[in-house]
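J.: For reference, the chains in residue letters:
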Amino acid sequence: MTVLKVLCVDDNEEILQALIRYLDRVPDLEVVGSVPCATNLEETIRDTHPDIMVLDLDMPGQNPLEALRHLSDSGATTRTVIFSGHVRPELISDAMDAGAWGYVSKSDGEAKLLDAIRCISEGQIAWSPEIRSTIARR
Amino acid sequence: MTLSVRDDGPGMDPQTLVRCTEPFFTTKHRARGTGLGLALVRTAMERNAGHLLIDSQFGKGSTFTLVLPVAGLEQGPTAPAQRVIVAVRESRLCATILAILSGMDAEALDAEASDTEGAEGALVWIADDSADAQALHLFLVTGASKARAIVLGDWWSDDEAESAAGRVIQLDATPSYTTLQRTLHEVLTGKQP
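Residue numbers (the working numbering), protein chains in the order written: chain Z, 1 to 138; chain V, 1001 to 1193.
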């Protein structure tokens, strides 16, 4: 069984711990790291080698989308799914432009995040239902 | 059809936002709130093929948007999906194009796998330098009168572009999501987003 390695980035400690508990229960997923901000992401990724990064957008420290753009430009193979409570169309576009493979609204919940992680690992772009609706209304 | 309601209240922190549509979740005193309001709204939307969208900024307020399909639009004969031949090698770029097309209810065809009949019905070919230039040229000059091509990179020669009489849109080899989204929208709908 191939195990997908996941890095979780969220400044809310309770959400971070809930995510880790949820994802670690999935047999073919392994949470290899968790950090509370996007500062030094490159170093964290170099140390943990995640296949997928779950990235919050509203965090102190370095702008997460700037960090993601830097990672994408550097040729990092880790695929990123944004997991955010913010669903504005311009944020979704900015995230996709920065190199995200997916965008899941926090109000769509962890199960949709798990669906997105699977889609992304198979080479598809993944948007949760709320994100699809937001894009379609634009 | 969408209906948005915005308030200038205290907004929700991320933790509350994640859970606010869970049944029985409430931030109010038990005597004042059951925690069922947003759960019921969300369920009602989903039962009617709609969505409840929530955007909230802590300290600034929340916006609740109800998205519902318009009655009658889905009941008539549906227009045939627009067919787009996709010949793009880079995996994220290809996946992005497929996701955008899926959101526009357009049908994506693989350039190599598409059969003749499918390719004949296609109006748009989006291609990077892995595409068969001769086949793309034939598609433009002998295909449907509205046939268009979106070419990624500068591999398409001027001579070929000239004979295709302005049917070719050239983009960077690795265009951004925003550029792809805008270009595909314009080509498929004839309108600017």
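Worth double-checking, as some hints may not be accurate.
Chain V regions said to be covered by chain Z (calculated; three or more residues, Cβ under 8 angstroms) [stated by the list, open to error]:
| hint | segment |
| --- | --- |
| 1 | 1002-1016 |
| 2 | 1091-1097 |
| 3 | 1132-1141 |
| 4 | 1175-1186 |
FYI, nobody ran anything at the bench for these hints, they're computed from the structure.
We put the beta carbon where it would ideally sit given N, CA and C, even for glycine.
J.: State for each hint whether it applies.
T.: Status of each hint after checking the structure:
| no. | hint | in the structure |
| --- | --- | --- |
| 1 | 1002-1016 | holds (count 5) |
| 2 | 1091-1097 | holds (count 4) |
| 3 | 1132-1141 | violated (count 0) |
| 4 | 1175-1186 | holds (count 4) |
When held up to the earlier numbered hints, the structure conflicts with hint 3 and nothing else.
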